[in-house]
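Line order of the protein sequences matches chains D, C, H and R.
Just so you know, the working numbering puts 619 at position 364 of the first sequence, and the rest follows in order with no gaps.
Just so you know, the working numbering puts 469 at position 214 of the second sequence, and the rest follows in order with no gaps.
Just so you know, the working numbering puts 323 at position 68 of the third sequence, and the rest follows in order with no gaps.
Just so you know, the working numbering puts 356 at position 101 of the fourth sequence, and the rest follows in order with no gaps.
Keep in mind that the hints were calculated from the coordinates and are not lab data.
Errors might be hidden in some of the hints.
Any copy, or any two copies together, can satisfy a pair, since identical chains are not distinguished.
Only pairs whose alpha carbons sit at most 27 Å apart, straight line, appear in this in silico DSSO-like list of lysine-lysine [what the hints assert, rightly or not]: (1) 740 - 416; (2) 343 - 533; (3) 280 - 719; (4) 343 - 719; (5) 577 - 719; (6) 727 - 577; (7) 398 - 577; (8) 280 - 389; (9) 416 - 533; (10) 740 - 577; (11) 343 - 740; (12) 343 - 727; (13) 416 - 577; (14) 719 - 416.
The structure presented is a predicted model; accordingly, all values stated were derived computationally and were not measured.
4 protein chains.
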Amino acid sequence: MALRTREDYLSALRRMRPNIHKFGKLIEDVTTHPATRRVVESHARGIDAAHDPALAGIFRTTSSLTGQPIHRYTSLMTSPEEMVFNSKLKREMYHLTGTCTGGLCVGWNGLNVMWSVTHEMDESQGTQYHERLKQYALRMQEKGLLVAGALTDAKGNRALKPHQQADPYTNLHIAERSKDGIVLRGAKLMICGTAAAEEIFLLPGSVYREEDRDFCVACVVPRDIEGLTIVEARRPSDERELAEGFDIPTETGISQAYLLFQDVFVPNERVFLAGEHKHTADIIARFTATYRACIGACVAGQGDVMVGAAALMARANGLSSKTFRDKLVQMEVNNETTFATGLGAILLGRRHPSGVWVADSLTAHVNKVHVATLPYETKRLCQEIGGGIVETGCFPSYQDFVNPEYGPLIQRCLKAGNCSAETRARLARLIEWLTIGAGVPGCMHGGGSPDGARQVVFATSSLKQYTEYASKIAGLEEEVPEPAK
Amino acid sequence: MALRTREDYLSALRRMRPNIHKFGKLIEDVTTHPATRRVVESHARGIDAAHDPALAGIFRTTSSLTGQPIHRYTSLMTSPEEMVFNSKLKREMYHLTGTCTGGLCVGWNGLNVMWSVTHEMDESQGTQYHERLKQYALRMQEKGLLVAGALTDAKGNRALKPHQQADPYTNLHIAERSKDGIVLRGAKLMICGTAAAEEIFLLPGSVYREEDRDFCVACVVPRDIEGLTIVEARRPSDERELAEGFDIPTETGISQAYLLFQDVFVPNERVFLAGEHKHTADIIARFTATYRACIGACVAGQGDVMVGAAALMARANGLSSKTFRDKLVQMEVNNETTFATGLGAILLGRRHPSGVWVADSLTAHVNKVHVATLPYETKRLCQEIGGGIVETGCFPSYQDFVNPEYGPLIQRCLKAGNCSAETRARLARLIEWLTIGAGVPGCMHGGGSPDGARQVVFATSSLKQYTEYASKIAGLEEEVPEPAK
Amino acid sequence: MALRTREDYLSALRRMRPNIHKFGKLIEDVTTHPATRRVVESHARGIDAAHDPALAGIFRTTSSLTGQPIHRYTSLMTSPEEMVFNSKLKREMYHLTGTCTGGLCVGWNGLNVMWSVTHEMDESQGTQYHERLKQYALRMQEKGLLVAGALTDAKGNRALKPHQQADPYTNLHIAERSKDGIVLRGAKLMICGTAAAEEIFLLPGSVYREEDRDFCVACVVPRDIEGLTIVEARRPSDERELAEGFDIPTETGISQAYLLFQDVFVPNERVFLAGEHKHTADIIARFTATYRACIGACVAGQGDVMVGAAALMARANGLSSKTFRDKLVQMEVNNETTFATGLGAILLGRRHPSGVWVADSLTAHVNKVHVATLPYETKRLCQEIGGGIVETGCFPSYQDFVNPEYGPLIQRCLKAGNCSAETRARLARLIEWLTIGAGVPGCMHGGGSPDGARQVVFATSSLKQYTEYASKIAGLEEEVPEPAK
Amino acid sequence: MALRTREDYLSALRRMRPNIHKFGKLIEDVTTHPATRRVVESHARGIDAAHDPALAGIFRTTSSLTGQPIHRYTSLMTSPEEMVFNSKLKREMYHLTGTCTGGLCVGWNGLNVMWSVTHEMDESQGTQYHERLKQYALRMQEKGLLVAGALTDAKGNRALKPHQQADPYTNLHIAERSKDGIVLRGAKLMICGTAAAEEIFLLPGSVYREEDRDFCVACVVPRDIEGLTIVEARRPSDERELAEGFDIPTETGISQAYLLFQDVFVPNERVFLAGEHKHTADIIARFTATYRACIGACVAGQGDVMVGAAALMARANGLSSKTFRDKLVQMEVNNETTFATGLGAILLGRRHPSGVWVADSLTAHVNKVHVATLPYETKRLCQEIGGGIVETGCFPSYQDFVNPEYGPLIQRCLKAGNCSAETRARLARLIEWLTIGAGVPGCMHGGGSPDGARQVVFATSSLKQYTEYASKIAGLEEEVPEPAK
């Protein structure tokens, strides 16, 4: 079967029920509404890429289930080499769009994680989840479905567990069960790429115990399923997306959304976990291991664009980009570090008996710490190279730029010799967008917080073994225990 | 005479000729227009403070010229103690407003710098500039005038000097001279606080030689002078300032503007430099020494607010702020470092024969390096403590918050136990505003670039002396010269 | 009276009872023994400096008690200006010696701290401590006595208080009291400069309560007092100090020692605290505030020497020092930061009713954090600029350098064109000495640990006030309390 | 054939001609002399490891040439998996010894680099180098030979090329050629592990052109070959290695040496490059790519030991190691970063037609930047956790510790409750050894300087491509060229 095209994809989106809102209003057509068309364009570029000979090696692969050509983002990753392509695809998506295309990766990761977990569940408990998931995977691959993924719940009071919350709505849960399926209620927050997605892979947001079994749910729902209301988050400078001109100079964009479930019925064939709390630990561990291995590629990809933008901005200011060699190198060191540390996590991973590869958790969480810190330095350097014009978007709006009275004077002020006023303005707005505007992705807490990652590093590391090395090298003849309290 | 009040100030602003534009339109009344009322409110709080017993020690002082009580921001700083109050006032202004009130400091600094420079000019050249400036200072003190300051020119091609530019408009210059005054043409860019200012102190943007003598001009003009068109810069998320609700939760704000001079006549009594290029080096050196000593207080003050906001956000998320003790301490270390390094620069300064104090240049430029780097870490830590809700403003808009249909669900999602949904939302928007929104001041390039500061550090430092120390301690018996090329 | 000279000082040291040991042996004459002559030479340079017209402004002052000229290090610091000279003297001592001359500063600081504390004690308790201290100060000033200072106890088990220790010897204490004086027992550790000192100012090592009153003692003892055994610590590469050649290229040096008190009688006139536990908090607070304000000057001074050494080493390698401009600037930024932050702490200090100045604690402790971190970067940069030859002292020993057989070949290998082999070798050994050898001072824990400093920063800062600023700016209408446990 | 044992190895060393000197004297037996026995012991542990079931997976492998079991450090690395074992072996060697065992890795790397280069030379020039190297490899594998490697020349004046030097001795070169072989003259410096090695793999120290063809030489010589004089470098605190006691608490150690060649004849069968300057660029590029990929494992391994030592030291001080959780995590993040970035470089490498794997240069050089910076932070944290006792070895020598008179008092001072005085002292000396003593390896310049690495990063990176991404995303319609000069 032929891989879907941009047109297939856009038609599919247009056929869906409108259930996305922003600024208090319903969006009728996500492919044309100014608040969502950019994120749709971003995802469409990912679909185009599978048809571009220069990029097809990254964006398409062969199904391990059918042997057919598929979009990479629907594949099962059965080797380190294939998982490396997860990283490469993410980095390339940033090159194509400048920002996050979350609908291409979280659902993909969810599929792979649940592949191993359902395999274990069926083996230990005789359930049929794995077969259900396989059927879903076949459909996802055949149609090239764009499946966003949702883990984060509203959570409520962080000091309480889901079942202890005053308002159970703060965590997505199974409100009812029937022989045909389950009914979902509650909220998932800050979900990337939903406006561009056709389906949403729901996963538990944390590790749960018996008393929170109703919060243990994994399934896939159509993005426009009955009972689901989606509200887009407001992001920095997002009103510019609604206006003409180049104050947002890109055709691409990002989105994050609140998913509000009000008694949404999900039929059994789409459900892959429904109360089996003992498996939530594996879901979280494997999801984060692979996801945090690969997000280093995202920030590397955006960093690459910042390197390019900084070099161009220097020239547009009339300076050689070589003036900033050391700073550009530091940006590149940051980019390659998050990319390569993630590759190390993949290389140190292991093959699960179900056939899929799982990255190494310790290294992946080290990478998450970098992902939450290094991009801030990269942005700072980009602003430093770019000069005062980029720092906080320090020049007048597009409406002023084209104002018949004083617009020409503004344009004379923006001209610095090497390119047109508009080119210089577009570059400055690009850097603003990348570093302090609507293109900034959630590298700090996206995919989990750095403090959570540090806890995993501490818990996973071999402290005991390290003390034994030190003890032996120092020639100690006694143990040195932790002091009694 | 009584110090002016908020009402005096607002009336004065309302009496001015409208000449400020934003989004392509003229602003009729800066005190009420949503694009400018916040920056006016910020400055008004600085005027209020002189009448607040708890703050008057910082915000008012006694004139060295008349012995009368005056607003601190109109004073001549004749001792290190008085210059320390420049720092303290800036830090306090951030406490009161959360962001930059540029109209309170640049003109003040300009007055002090030109005080010493005109003193030298008159002594060496027999001009009358110092007396003119004294008359202006008396008026500024008596009326408590708010005087913004403008140094940065549009510049044009960075590789060329002003007189070499294809378009001379890129640098403010004297287009004509008459016996009564001068005519100005050209642009000053990224000027802080003009919308809230009554006057603007114009200073040369760089060190110039003979061939650029027409670009050597220092004077003060009314903000609404004939021939001056002002266009406000567009800043991150600034359209939110035009809307109702708490997506910008503050009543205060910042502004930066383009000043477009089209044959503006300035009478002699307001002119303090008109072609004397040899003095531009001193103007730049003294302006940056004092200004960069004190801007550490600005970022410290905003850092204090970030510490407070982070602690409150942690609580609003349901966590003890003590959980983040180490991060809060690091933020405070950053804040106190830029504040105290600036105080060190003041302490190491010297008294100029004209009576004013001048800070130490080396230390001030070291501080500029910190001001361009440490706040980025402080912001990162603030976002880290605040959690996913603050990072890129990850929740729906005010219009969605109050939407009758799904607004209540959003509010349930935002509730985390310790305060109302609105309080939690306001705190999250505050952190967004402080770290990636309309409240971010230009700490990177404002007051000059960090690379420029590093050049001054290298040029000012005692490298030769340091090599002599090392040589003597190592017992060398020969010189080690720089290698021949 | 004339200020003492180097000869006066050396004669005084030679007259003392030998009670210092190293490598298992008693040192008969500290002024000539290779293990101690370097630290004595360092201190002698400080005494010389008071007679050097170029340095006398720093190294001598006028006694506030007698109006006579005195060595600066015996003065009471009664103004911020005078305290700044504490910083300047420290920085200059590093310029003269390359490392720490601890005998010139801790006792000096002890005198100033106890000046204010005894003043309060006498006022509140009617004791006579202040007068005793005044008498001691007069003698110290008249003779120009070199008084080391000792705070740190052996401590024993960190989880227990002094009176709970299995072995009370681990903390210096009053073993007996008589009408004439007290008897001391226990140990003070890591005391700088004792080999070069004539007296030692003993101070309590921590804040104590009633049950630890016997550990609350402040007094001055002659360094060679009966019952006191001193053992020098072994430091990196210290055996080189015993050999000829330039493997330690300096004539100067540092020392740290264990002071072992075995029933040492101290007469009343030398005792300034003997059980008054309530005052230990003030002693610690004031000692650390002033000491940590000024130690930034120490690491700045060593950093200056590292800048010089790095520049010379680059040249000796055949490279222009300008190649490393950015790294040299970063080193200088680090140096000026610790220096200037300390000056800020002084400026923010206050005058105690007893007449002496006390630095600001918060800022001083911020500085301690920098002192424990920035010098590590400075050393790293010095090694980076210096090249492979400096990193871990990567060339053969002096004995090999002069070996008749293969020494000439080694010298040919060390020659790089711009200076002699010996000069290049001396510079490399200097950098080794400064960054990983016998010249490295204790910037991490000397004067207290950085974690301790961070605790003070947290305790001293205005977190509550900062939350109020944030709350007001965000327009909150409710308090956001810490969550209940 | 059975793999060699420790005894085989030590016997082989004892049979060699003494030609190693230190402190001006010849060392007769490197296996027993206190200046060299530690580095021999370190290497012996690597040989032991191949016989240890728990470690054999890392330390032995199967020859790709013969199918026989061999020591890993003699293998050709023909896949990424095998190259990963290079990293794992290095990290494990640090676990076993605490420091660098350079004889196990540079020669190994030289063999692999020359494998591909000789393959190309023979193909393009019809030489026989590859077959010669294969014969050498077979012997190296069969005997398990320990082959150090040497690249760095003395260099002389850095501004001149080898043939321009006043003294040609500063660079190793072919002084004569005959039909049977070549004669070498000149010096290689800072060569690791020679005292423990049986042979030395000589490689060109830089990229050369035609005029420097005599400096283009690659060959292997016995370590005790006639005409070669070796002089050990003096390292921090290395005299402690000559004395008894625990001031150096380890049985293991490191060494670096000067190799002085005085007309050394090397027969043809050991020569793999002799003038073919065009191949030196590939030698340097491939050597650094693989070497810098794997050295991240070295500093990670030492970092692991520092983590262990810091945790034990905290306990020995009476504190729970958990007190320092955040610092330990930061140390671990540093360790895993250099390890994993190197793995990423391996994964991104390529298979050379000759069969061996070559790591990715860009990523490897990014790693070199980290290797030259992160360990400094790790050491700083180790010293911070360890407390004042570890910082500069702040306690008396072993001779004082056992002094009959005051030694018992010192021991009482060193006791802190949780272990013996000796254990606490040994741990403190271990941290001194690791962070500021004889165990510090050359992570800054070892394997090349970080500035050299930054140059490779800049030259290798895709700046042009990045500007194209930025240009396209910003919607630019013109090129922005570098400004004309």
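**Message:** I want to check one pair: residue 727 and residue 577. Are their C-alpha atoms no more than 27 Å apart within a copy, between two copies, both, or neither?
**Reply:** Between copies only: 22 Å across chains, 50 Å inside a chain, cut-off 27 Å.
**Asked** 27 Å Cα cut-off: does residue 416 pair with residue 533 within a copy, between copies, both or neither?
**Response** within (16 Å within a copy, 47 Å between copies)
**Request:** Can you give me the call for residue 280 and residue 719, within, between, both or neither, at a CA distance of at most 27 Å?
**Result:** The answer is neither: 57 Å in one copy and 40 Å across copies each exceed 27 Å.
**Item:** Same-copy or cross-copy closeness of residue 740 to residue 416 [CA-CA at most 27 Å]
**Value:** Only across copies: residue 740 and residue 416 sit 14 Å apart there, 29 Å inside one copy, limit 27 Å.
**Asked** With identical chains treated as interchangeable, where does the CA-CA distance between residue 740 and residue 577 reach 27 Å or less: within a copy, between copies, both, or neither?
**Response** So residue 740 and residue 577 pass the 27 Å test across copies only (12 Å; inside, 58 Å).
**Request:** Using 27 Å as the alpha carbon limit, work out where residue 343 and residue 740 are close: within a copy, between copies, both or neither.
**Result:** neither (50 Å within a copy, 38 Å between copies)
**Asked** Can you tell me if residue 343 and residue 727 fall within 27 Å by alpha carbon in one copy, between copies, both or neither?
**Response** Between copies only: 20 Å across, 43 Å inside.
**Request:** Since the copies are identical, ignore which copy is meant and state whether residue 343 and residue 533 lie within 27 Å (CA to CA) inside a copy, between copies, both or neither.
**Result:** Close neither inside one copy (33 Å) nor across copies (34 Å); limit 27 Å.
**Request:** Check residue 719 against residue 416 for me: Cα-Cα at most 27 Å, and say if that holds within a copy, between copies, both or neither.
**Result:** neither (32 Å within a copy, 29 Å between copies)
**Item:** Homo-oligomer pair classification [residue 719, residue 343; C-alpha up to 27 Å]
**Value:** Close across copies (19 Å), not inside one copy (36 Å); limit 27 Å.
**Asked** Checking residue 577 and residue 719: alpha-carbon separation at most 27 Å within a copy, between copies, both or neither?
**Response** between (48 Å within a copy, 12 Å between copies)
**Within, between, both or neither: residue 280, residue 389 at alpha-carbon 27 Å** = Close neither inside one copy (38 Å) nor across copies (59 Å); limit 27 Å.
The structure fails to meet hints 2, 3, 7, 8, 11 and 14 from the earlier list, while all remaining hints are met.
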